[in-house]
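The listed protein sequences derive, respectively, from chains A and B.
Count the first sequence with my numbering and you get residues 17 to 211, in order.
Count the second sequence with my numbering and you get residues 17 to 211, in order.
Please note: incorrect hints may appear among the correct ones.
[Unchecked claim] In silico EDC-like pairs for lysine to aspartate or glutamate, Cα to Cα no more than 20 Å straight-line:
hint, chain 1, residue 1, chain 2, residue 2
1, B, Lys114, B, Glu161
2, B, Lys48, A, Glu50
3, A, Lys49, B, Asp77
4, B, Lys179, B, Asp91
5, B, Lys48, A, Asp91
6, A, Lys179, A, Asp91
7, B, Lys114, B, Glu133
8, A, Lys48, B, Asp100
9, B, Lys48, A, Asp103
10, B, Lys48, B, Glu65
11, A, Lys49, B, Glu50
12, A, Lys114, A, Asp77
13, B, Lys179, B, Glu148
14, B, Lys29, A, Asp100
15, A, Lys49, B, Glu148
16, A, Lys48, B, Asp91
17, B, Lys49, A, Glu65
18, B, Lys49, A, Glu151
19, B, Lys48, B, Asp77
20, A, Lys29, B, Glu50
21, A, Lys48, A, Asp91
22, A, Lys48, B, Asp77
23, A, Lys48, B, Glu65
24, B, Lys48, A, Asp100
25, B, Lys114, B, Asp128
26, B, Lys49, A, Glu148
27, A, Lys179, A, Glu151
28, A, Lys114, A, Glu151
The set of hints was computed from the structure by calculation and includes no laboratory data.
Number of protein chains: 2
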Amino acid sequence: MSSLDALIQQFTKLPGIGPRSARRMVLQLVRKKEQLMHPLIIAMQHAMEHLQTCTVCGNLDSQNPCAICTDDRRDASILCVVEDLADLWAIERSRMFKGRYHVLGGTLSAIDGRGPEAIAIPALLRRAQSREIVEVILATNATVEGQTTAHYIMDRLSDSNVKISQLAQGIPIGGELDYLDDGTLGAAIKARLSF
Amino acid sequence: MSSLDALIQQFTKLPGIGPRSARRMVLQLVRKKEQLMHPLIIAMQHAMEHLQTCTVCGNLDSQNPCAICTDDRRDASILCVVEDLADLWAIERSRMFKGRYHVLGGTLSAIDGRGPEAIAIPALLRRAQSREIVEVILATNATVEGQTTAHYIMDRLSDSNVKISQLAQGIPIGGELDYLDDGTLGAAIKARLSF
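Chain A extracted, bound-state conformation:
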């Protein structure tokens, strides 16, 4: 296989990238070797060498503990529990949360045999029981697995003095009622706000 075909094949292994997109990307890379391919190699090598999992929260960063865990301007008394790195990024983009995180790295799953130990729940319980933590926000996905995991954590933390909260469910900003699924609409009616 030529080095071109090998490169295209590597790109098709990435999520959402089919053969056509991979060819387009590789074509652009080989056309602009110095401006595109070289910086991309450097960025990947840097990520490969320096990225490490934060031993405190499970975030991925070039430093350990991560930039969020070491940022003194962030509120160390609120922990936001997320399933995954992508969820942490999503919450950071909203710019509405200024506390710290705990990345589980998955959900509880009886089928896949993932128990509490497999997804950093013991570490979360230890952190939550430390004196400085006042609130734990359970920001797992609104899926069956996510909610099961949230309930498990809620149950385990019920004896402690820590406040437990979950993200509000309802109509997305800009959402049209006609296109919403019935479950979301039902939840939004049930949780309606009175003025």
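Once you have looked at the hints, place chain B on chain A.
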């Protein structure tokens, strides 16, 4: 900027990749460093070091002359003239052409100031005038620029004994008449085949 953000930003510079796709790709890469990121770095480094433009036809390959130009099983008497590497790849995928190529690297353009010298036309004329060439297929795009370029080459080769051809225009395989643009339908009617 963290090495993660830097990597995401590099990916957004590729064609068709927005911030969301870039994040998805990077997330997958950092999750599977050894299985995905490392092989991708290696493939890119290999391409970076070994890919070179074939001095005969303008193709990109890890050898020069390229694998197509040096393949004795391919018919050296037919030249297929294409605008771009992507067009060469597309024709190779059709598996219907077993001759050699000439990659122009663009089209003639008065606006952008690209004359015949800028797009490898002198080299094409030299190749076409060699004794072994019997046919030149002008497979430029069916755009105004592509057709202008094809006409220019046709004009310059009109004195030589070489046979000149163009790709057939008509209805795509599986195409529905109702969805075809009028130009294509008109061309297909004009070029209709009698039985």
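Results for each hint:
1. B:Lys114 / B:Glu161: 26 Å, violated
2. B:Lys48 / A:Glu50: 26 Å, violated
3. A:Lys49 / B:Asp77: 14 Å, holds
4. B:Lys179 / B:Asp91: Holds - the C-alpha atoms of Asp91 (chain B) and Lys179 (chain B) are around 15 Å apart, at most 20 Å.
5. B:Lys48 / A:Asp91: Violated - the C-alpha atoms of Asp91 (chain A) and Lys48 (chain B) are around 32 Å apart, more than 20 Å.
6. A:Lys179 / A:Asp91: The hint holds at about 15 Å.
7. B:Lys114 / B:Glu133: 27 Å, violated
8. A:Lys48 / B:Asp100: It holds: about 14 Å lies between the C-alpha atoms, which stays within 20 Å.
9. B:Lys48 / A:Asp103: 18 Å, holds
10. B:Lys48 / B:Glu65: 25 Å, violated
11. A:Lys49 / B:Glu50: Answer violated: Lys49 (chain A) to Glu50 (chain B) is near 24 Å, above 20 Å.
12. A:Lys114 / A:Asp77: Within the cut-off at roughly 18 Å; holds.
13. B:Lys179 / B:Glu148: Holds. Lys179 (chain B) to Glu148 (chain B) sits at ~12 Å (cutoff 20 Å).
14. B:Lys29 / A:Asp100: 25 Å, violated
15. A:Lys49 / B:Glu148: 35 Å, violated
16. A:Lys48 / B:Asp91: The hint is violated at about 32 Å.
17. B:Lys49 / A:Glu65: 10 Å, holds
18. B:Lys49 / A:Glu151: 34 Å, violated
19. B:Lys48 / B:Asp77: Outside the cut-off at roughly 29 Å; violated.
20. A:Lys29 / B:Glu50: 13 Å, holds
21. A:Lys48 / A:Asp91: The given pair, whose Cα atoms are some 44 Å apart, is violated under the 20 Å limit.
22. A:Lys48 / B:Asp77: 15 Å, holds
23. A:Lys48 / B:Glu65: Status holds; Cα separation ~13 Å.
24. B:Lys48 / A:Asp100: Measuring from Cα to Cα gives roughly 14 Å; hence the hint holds.
25. B:Lys114 / B:Asp128: Violated. Lys114 (chain B) to Asp128 (chain B) sits at ~34 Å, over the 20 Å cutoff.
26. B:Lys49 / A:Glu148: 35 Å, violated
27. A:Lys179 / A:Glu151: Answer holds: Lys179 (chain A) to Glu151 (chain A) is near 4 Å, not above 20 Å.
28. A:Lys114 / A:Glu151: 13 Å, holds
Of the hints listed earlier, those the structure fails to meet are numbers 1, 2, 5, 7, 10, 11, 14, 15, 16, 18, 19, 21, 25 and 26, in rising order.
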